[in-house]
Amino acid sequence: MIAIKGGTVWTGIDTIENGVVLIEEKKIITVGQKVSIPYGCEVIDAHGKFVTPGLIDAHSHIGLIPEGLDWEYSDVNDFYGPITPQMRAIDAIDLRDAAFSDALNGGVTTVYTGPGSANVIGGIGLVLKTTGRVLKEEAALKAALGPKRSREYRSKEPYPSTRMGTVALFRQVLEEAKLWMEDPTKVDQSRKHIYAIVARAIRRELPVKIHLSTSPDEITAAIRLIKEYNLDASIDHVFGGDLLAEEIKKAGIPVVYGPMMLSRLYSGFKYVNDRIPVELSKHGVLVALMTDHPVIPQKHLRLLATVAVRNGASYDEALKMITVNPAKILHMDDAVGTIEVGKDADLVVWNDHPLRPSSHPICVIVDGRVVLKSFWIVLTCNDERV
Amino acid sequence: MIPLLKGKIPLRVHVHVERDIQTVLRLTNEFGIRVVLDHATEAYMLSDSLQDVPIVYGPIVFARRGVELKNLDSANLSKMKGLQFSLTTDHPTIPIQYLDLLCSLALAHGYNLKEVLQLVTINAARVLGLEGRIGSVEVGKDADLVLLSGAPLAPETKVLMTIIDGEIVFEADERE
Numbered sequence: 001m002i003a004i005k006g007g008t009v010w011t012g013i014d015t016i017e018n019g020v021v022l023i024e025e026k027k028i029i030t031v032g033q034k035v036s037i038p039y040g041c042e043v044i045d046a047h048g049k050f051v052t053p054g055l056i057d058a059h060s061h062i063g064l065i066p067e068g069l070d071w072e073y074s075d076v077n078d079f080y081g082p083i084t085p086q087m088r089a090i091d092a093i094d095l096r097d098a099a100f101s102d103a104l105n106g107g108v109t110t111v112y113t114g115p116g117s118a119n120v121i122g123g124i125g126l127v128l129k130t131t132g133r134v135l136k137e138e139a140a141l142k143a144a145l146g147p148k149r150s151r152e153y154r155s156k157e158p159y160p161s162t163r164m165g166t167v168a169l170f171r172q173v174l175e176e177a178k179l180w181m182e183d184p185t186k187v188d189q190s191r192k193h194i195y196a197i198v199a200r201a202i203r204r205e206l207p208v209k210i211h212l213s214t215s216p217d218e219i220t221a222a223i224r225l226i227k228e229y230n231l232d233a234s235i236d237h238v239f240g241g242d243l244l245a246e247e248i249k250k251a252g253i254p255v256v257y258g259p260m261m262l263s264r265l266y267s268g269f270k271y272v273n274d275r276i277p278v279e280l281s282k283h284g285v286l287v288a289l290m291t292d293h294p295v296i297p298q299k300h301l302r303l304l305a306t307v308a309v310r311n312g313a314s315y316d317e318a319l320k321m322i323t324v325n326p327a328k329i330l331h332m333d334d335a336v337g338t339i340e341v342g343k344d345a346d347l348v349v350w351n352d353h354p355l356r357p358s359s360h361p362i363c364v365i366v367d368g369r370v371v372l373k374s375f376w377i378v379l380t381c382n383d384e385r386v
Numbered sequence: 001m002i003p004l005l006k007g008k009i010p011l012r013v014h015v016h017v018e019r020d021i022q023t024v025l026r027l028t029n030e031f032g033i034r035v036v037l038d039h040a041t042e043a044y045m046l047s048d049s050l051q052d053v054p055i056v057y058g059p060i061v062f063a064r065r066g067v068e069l070k071n072l073d074s075a076n077l078s079k080m081k082g083l084q085f086s087l088t089t090d091h092p093t094i095p096i097q098y099l100d101l102l103c104s105l106a107l108a109h110g111y112n113l114k115e116v117l118q119l120v121t122i123n124a125a126r127v128l129g130l131e132g133r134i135g136s137v138e139v140g141k142d143a144d145l146v147l148l149s150g151a152p153l154a155p156e157t158k159v160l161m162t163i164i165d166g167e168i169v170f171e172a173d174e175r176e
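From first to last, the protein sequence lines are chains A and F.
Here my numbering is used: the first residue of the first sequence is 1, the next is one more, and so on.
Here my numbering is used: the first residue of the second sequence is 1, the next is one more, and so on.
Hints listed in this document are in silico derivations from the structure and should not be mistaken for laboratory results.
Mixed in with the good hints there might be a few duds.
Claimed, not checked - Pairs of lysine-lysine, DSSO-like flavour, derived with a Cα cap of 30 Å:
hint : chain 1 : residue 1 : chain 2 : residue 2
1    : A       : 249       : F       : 158
2    : F       : 158       : A       : 49
3    : A       : 227       : A       : 328
4    : A       : 250       : A       : 328
5    : F       : 70        : F       : 81
6    : F       : 114       : A       : 373
7    : A       : 270       : F       : 158
8    : F       : 79        : A       : 49
Using the sequences plus the hints, can you model the full thing?
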């Protein structure tokens, strides 16, 4: 048993001064102010420190685009064809990639990682702890709007060259999958395996992550598709989302904004604006922030929430965007994202509020195991009998 | 090339890995050329031989794409104390308005507030050979000043006013 004692505990719901978190095996068993620490319990003294849930990145490519190697080693975009739901990130992921331990040391404990945006339907991503424990092998189906005109030369199959072509192909596959659901003999038998996967999205068994390339018209198209097929979906990147805040709120669709700190380098990025997550959050939209690792190294997820504060978010709101909000969007909020009884013991002790610039993790716990400990964090044994 | 060889202008070299930095030093020593290293990702490995070499370091937050960047890490700053360096956003790599935010990461790696601010004021002026005109608030220097709403580097701090050459070029909207 481990007790974290005396710190400011930000649970994701409230803040407890001089709080205690008790961990038994892999779970949080008590959170509160007046908690008696059992005899023999290991104690981490967190006086003057800040305790948060482990941070969560709802959109990244960690373990699929290797650190320190060139793009040709990237495993996120397969140009087999524009419709590839059968591609699974779990079948490619390198759990030994150095980015995982970096992320862990940066306080990031749960991440989504998955296929890229080259294809209209790119494949299935997974959710895992940065220690390597896989939580969901098949966490979400990745779809990507925007024109795909530059992709075709690498493939035997035609790629849509316009935005309408991309949406039309997506809709066509959804229609074919519905037909397969009605009568499996009615469809092209060589594509059954594709329809079986897409059907899970139609049945809302598999969430969909819809990537936008650049512009707000794609948000409108995404909302239309999500409503039409009643998909359980999030809109990712959501550049230009500030222009459609009301529509997104009304549709009840969560978003994952980012990567942050992106320049308006190309004309296509003219709708990039780090105020978007703040505006959407003010409108009541459920917002998470993404590193899109390796675009921003995942260990800097904390810094992205600081960018949100810089752009007008409150500290609490910004911290939720990298903890409880991504947990909800990934449907992992029964296990991670807050410090609550029964949840996984994923906790970070910081020397200061995590969004203050001088802050860094001094102790990281995942599934009840201490995986990072600064030299001056001492685990003592409680030898007082209560 | 003549102003370069006469020492009137420095040579600025984009370089990342240790062996390339060594080669740059060898070459510039051979020809007696003043040099400024840009990016210099692995400079922290050569802190002894780089004591007198100006460095524009960074961006310290960036994808480690390619073998040249495999050791890119903001934590390297902790091994660069005592070197003459400033920090860069490498805009558009990181938008330039976040220069101070990148700098603030140095606070987590053993630098105090004064040292961090020097990275993007007087240190950067020295790299550019303009420390006589800009980079510090001193009598006789250009009136380039920033008025902040609170502590520098705090995420909630806003720029209230920017003055360049004695002229107000930016003023925050009071309603905000």
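Here is how each hint holds up against the structure:
1. Distance hint between residue 249/A and residue 158/F is fulfilled; the C-alpha atoms sit about 29 Å from each other, no more than 30 Å.
2. For the hint pairing residue 158/F with residue 49/A, the CA-to-CA distance comes to about 26 Å; that is within 30 Å, so the pair holds.
3. For the suggested pair residue 227/A and residue 328/A, the alpha carbons sit about 20 Å apart, so the restraint of at most 30 Å is met.
4. Restraint check: the Cα-Cα separation between residue 250/A and residue 328/A comes to about 18 Å, which is no more than 30 Å; the hinted pair holds.
5. Straight-line distance between C-alpha atoms of residue 70/F and residue 81/F comes to about 21 Å, which keeps the hinted pair within the 30 Å bound.
6. For the hint pairing residue 114/F with residue 373/A, the CA-to-CA distance comes to about 28 Å; that is within 30 Å, so the pair holds.
7. For the proposed pair residue 270/A and residue 158/F, the alpha carbon gap of about 24 Å is at most 30 Å, so the pair holds.
8. Pair hint residue 79/F plus residue 49/A holds up; C-alpha atoms about 26 Å apart against a cutoff of 30 Å.
Of the hints listed earlier, there is not a single one the structure fails to meet.
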